[in-house]
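2 protein chains.
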Amino acid sequence: MKVYKTGVTTPLGYKSAGVHCGIKTRKLDLGLLISQVPAISAAVFTTNKLYSPHIDIDKAHIKKSKVQAIVVNSGNANCYNGKKGYNDALSLINKAAVLLKVKPAAVLFASTGIIAKLLPLALMNKKLPKLAKKLSIDVKDEFSHSILTTDREVKQIAVSFNIYHKQVTIGGCIKGAGMICPDMATTLCFLTTDAVIKREALKKALNQAVAETLNMLTVEGDMSPNDSVFIMANGLAKNKLIDSKGKSFTQFKKALVYVLMDLSKKLILDAEGATKLIKIHVKGAKTLKDAKKAAFSVANSTLVKTACYGQDPNWGRVVSAVGASRVYLKPDKVEVSFDDTLVFKHMQPQKYDINKLAAIFKKKEIDINVNLHCGNKEATVLTCDLSKKYIVINAHYRT
Amino acid sequence: MKVYKTGVTTPLGYKSAGVHCGIKTRKLDLGLLISQVPAISAAVFTTNKLYSPHIDIDKAHIKKSKVQAIVVNSGNANCYNGKKGYNDALSLINKAAVLLKVKPAAVLFASTGIIAKLLPLALMNKKLPKLAKKLSIDVKDEFSHSILTTDREVKQIAVSFNIYHKQVTIGGCIKGAGMICPDMATTLCFLTTDAVIKREALKKALNQAVAETLNMLTVEGDMSPNDSVFIMANGLAKNKLIDSKGKSFTQFKKALVYVLMDLSKKLILDAEGATKLIKIHVKGAKTLKDAKKAAFSVANSTLVKTACYGQDPNWGRVVSAVGASRVYLKPDKVEVSFDDTLVFKHMQPQKYDINKLAAIFKKKEIDINVNLHCGNKEATVLTCDLSKKYIVINAHYRT
Numbered sequence: 018m019k020v021y022k023t024g025v026t027t028p029l030g031y032k033s034a035g036v037h038c039g040i041k042t043r044k045l046d047l048g049l050l051i052s053q054v055p056a057i058s059a060a061v062f063t064t065n066k067l068y069s070p071h072i073d074i075d076k077a078h079i080k081k082s083k084v085q086a087i088v089v090n091s092g093n094a095n096c097y098n099g100k101k102g103y104n105d106a107l108s109l110i111n112k113a114a115v116l117l118k119v120k121p122a123a124v125l126f127a128s129t130g131i132i133a134k135l136l137p138l139a140l141m142n143k144k145l146p147k148l149a150k151k152l153s154i155d156v157k158d159e160f161s162h163s164i165l166t167t168d169r170e171v172k173q174i175a176v177s178f179n180i181y182h183k184q185v186t187i188g189g190c191i192k193g194a195g196m197i198c199p200d201m202a203t204t205l206c207f208l209t210t211d212a213v214i215k216r217e218a219l220k221k222a223l224n225q226a227v228a229e230t231l232n233m234l235t236v237e238g239d240m241s242p243n244d245s246v247f248i249m250a251n252g253l254a255k256n257k258l259i260d261s262k263g264k265s266f267t268q269f270k271k272a273l274v275y276v277l278m279d280l281s282k283k284l285i286l287d288a289e290g291a292t293k294l295i296k297i298h299v300k301g302a303k304t305l306k307d308a309k310k311a312a313f314s315v316a317n318s319t320l321v322k323t324a325c326y327g328q329d330p331n332w333g334r335v336v337s338a339v340g341a342s343r344v345y346l347k348p349d350k351v352e353v354s355f356d357d358t359l360v361f362k363h364m365q366p367q368k369y370d371i372n373k374l375a376a377i378f379k380k381k382e383i384d385i386n387v388n389l390h391c392g393n394k395e396a397t398v399l400t401c402d403l404s405k406k407y408i409v410i411n412a413h414y415r416t
Numbered sequence: 018m019k020v021y022k023t024g025v026t027t028p029l030g031y032k033s034a035g036v037h038c039g040i041k042t043r044k045l046d047l048g049l050l051i052s053q054v055p056a057i058s059a060a061v062f063t064t065n066k067l068y069s070p071h072i073d074i075d076k077a078h079i080k081k082s083k084v085q086a087i088v089v090n091s092g093n094a095n096c097y098n099g100k101k102g103y104n105d106a107l108s109l110i111n112k113a114a115v116l117l118k119v120k121p122a123a124v125l126f127a128s129t130g131i132i133a134k135l136l137p138l139a140l141m142n143k144k145l146p147k148l149a150k151k152l153s154i155d156v157k158d159e160f161s162h163s164i165l166t167t168d169r170e171v172k173q174i175a176v177s178f179n180i181y182h183k184q185v186t187i188g189g190c191i192k193g194a195g196m197i198c199p200d201m202a203t204t205l206c207f208l209t210t211d212a213v214i215k216r217e218a219l220k221k222a223l224n225q226a227v228a229e230t231l232n233m234l235t236v237e238g239d240m241s242p243n244d245s246v247f248i249m250a251n252g253l254a255k256n257k258l259i260d261s262k263g264k265s266f267t268q269f270k271k272a273l274v275y276v277l278m279d280l281s282k283k284l285i286l287d288a289e290g291a292t293k294l295i296k297i298h299v300k301g302a303k304t305l306k307d308a309k310k311a312a313f314s315v316a317n318s319t320l321v322k323t324a325c326y327g328q329d330p331n332w333g334r335v336v337s338a339v340g341a342s343r344v345y346l347k348p349d350k351v352e353v354s355f356d357d358t359l360v361f362k363h364m365q366p367q368k369y370d371i372n373k374l375a376a377i378f379k380k381k382e383i384d385i386n387v388n389l390h391c392g393n394k395e396a397t398v399l400t401c402d403l404s405k406k407y408i409v410i411n412a413h414y415r416t
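The listed protein sequences derive, respectively, from chains A and B. Numbered according to the working numbering, the first sequence spans residues 18 to 416. Numbered according to the working numbering, the second sequence spans residues 18 to 416.
Fair warning: there could be bad hints in the mix.
Note that the list lumps identical chains together, so a pair holds whenever it fits in one copy or between two copies.
[Unchecked claim] In the PhoX-like style, the derived pairs of lysine-lysine whose C-alpha atoms are separated by at most 20 angstroms in a straight line are: (1) 310 to 347; (2) 147 to 100; (3) 100 to 368; (4) 220 to 83; (5) 300 to 66; (6) 81 to 144; (7) 66 to 303; (8) 66 to 347; (9) 183 to 406; (10) 76 to 350; (11) 257 to 221; (12) 257 to 183; (13) 362 to 101; (14) 215 to 255; (15) 368 to 44; (16) 264 to 215; (17) 394 to 306; (18) 80 to 271.
Think of the hints as simulated: they come from the structure by calculation, not from any bench.
Using the sequences and the hints, build the whole thing.
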């Protein structure tokens, strides 16, 4: 597998662009991603029951038609704006469709940013022609820039691999920052591939890959109303058709997991105020649900996260978070390690080198390992530490 | 009902004291509370499955015997210390029993503070005689001081009321600060009463009152391994026996709820770094479980908490937290208000006075009201805002 630093325009037949339309101050805030030929597509959306109107529209379009373009804006989530928000999204899609000479159902739309503010539709419409004119393989990554909110940097990757001697490529970019949680929080993620793949196989691969990556991370436990992951597959690689099972499906899914895991890590490290990546691995659980529950309990513990930020090896907070998770466990069997340094077993501290442990807490990535010794199920959750900067960013997000 | 500023020594027949034994620097860290006559007792403990050893000991003592004394230390949780921690707790209880001339089973013990550090037993034993000698009605509140960790101030209250013309009094004090969550987190709470009450009635009243108060608050979602609420009833008020039902039970429970609600609010306002009390009231839920789930989802949202801290009326975060809670709801029916200012209905913002809303966010207490309009169940959860100071306190708790 070859890995590239470029993103969504790496696979054959994709172009993108980003412009500043005036939602944000100075920064790029309107993006467009197109496939030169109609592409089948799939998406995973937030499980928040009070969600943004673009989600219903996109679901309908993906079901009805092949897709050729995605329009996205940042700085305004167009969420909780009632019927007006829905109509604004539709209106923008229609404008883009006319401009790009495709059916409205071939256009998807996504928004991210502040909630409950109407889209400045006139500003956005005005910049659509410029956006279309700028479409290119986008060497300046303007599309990946245009989707950002409080993110510090562009997060993208692409990989290629062979399916029966034909090179297939997957590219992607993501925005995140706050409200990041299982079921994908404030995430917008755009994936492209030139693979020839069945619609059902694309859907299955995306669902499984998201479950193993984006849905296993949390920043602060908040789940946003706008989260969306989109994938388009335009078939230009001319590989042998990938079906819902078999070797080529496995290859495709593996590459997709690689892309999404890379984007997940970048997203965590670029989370609001984050200084460290924390990986919580729970094994020996009786059920997969228990493994996830215990891992998320540790990952969402603000006490664990602040200890990591403060580089304070206060491992009792990890044990306590496991105990609080209501999973099946036998107290005497629970083990907690940092990297391979065992600190807790038989309900008491183990002999360990305190300097070694302190050094682990100083690292940019902290691995917390929990073994419940009650079964053979395991789960890994990614999170970040909780810093003063997170509070500063979120105390005045709108003001 | 009469309300007093004094605490656990307000009911007849209780004495208490606090001393500095050397666990903490300079501050009081060892406390003793006694009843002059044997008292029936009840307790509610943490649901954390990896808990402190004092809990098993206390449970056995409460079941076996009337109780006459509670020893408590702060600064060291004596938790995750294995068999040694259990034996240390027993040893201290035995020492106190000899000194106070009571059976060991008449003594309870509780610890709070840093996890996974052995108790400095010699220091504690050495100060027990001084502690016993100082026992009094404790006008300086040294007992309530001795239980504190990162708390800023003593939190106590007492109330008295009449049962068939006999005055009955309930007193209490609490410590909290961090790790506060439903199921009582890091809380240690001591309650005393001179009521004549059946053991079963005392247990029932305590369980119900805790469920309505301490278990409906959250600071950051962490549940500590040491949480304990104790109540002693020594019968010195000589009132007509309170049974598990009837008017006098209702009176007693009402007074107990009053005491615990007052302590809960004080605990929230004294939470680490807290600047505001936030009350989330969810009504119109299909089930009580849904009402609680939605209220806790809002209460545990760090985005909501940081917005309250920043006095930023970012109500979209409340709507999003409700949507993320996975409760039964119909999007179009959900209403969100702050005090009586309706901001969200029919999935869109309502017309409201932005200055009035801004003023609400500047208040010391913020009332968030959610109506799901899907049923008639309701729940109220208390929490506080999340400030920079919380991070500072928790990033270096041990160092």
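Checked against the structure, which of the hints given earlier come out wrong?
2, 6, 9, 10, 15 and 18
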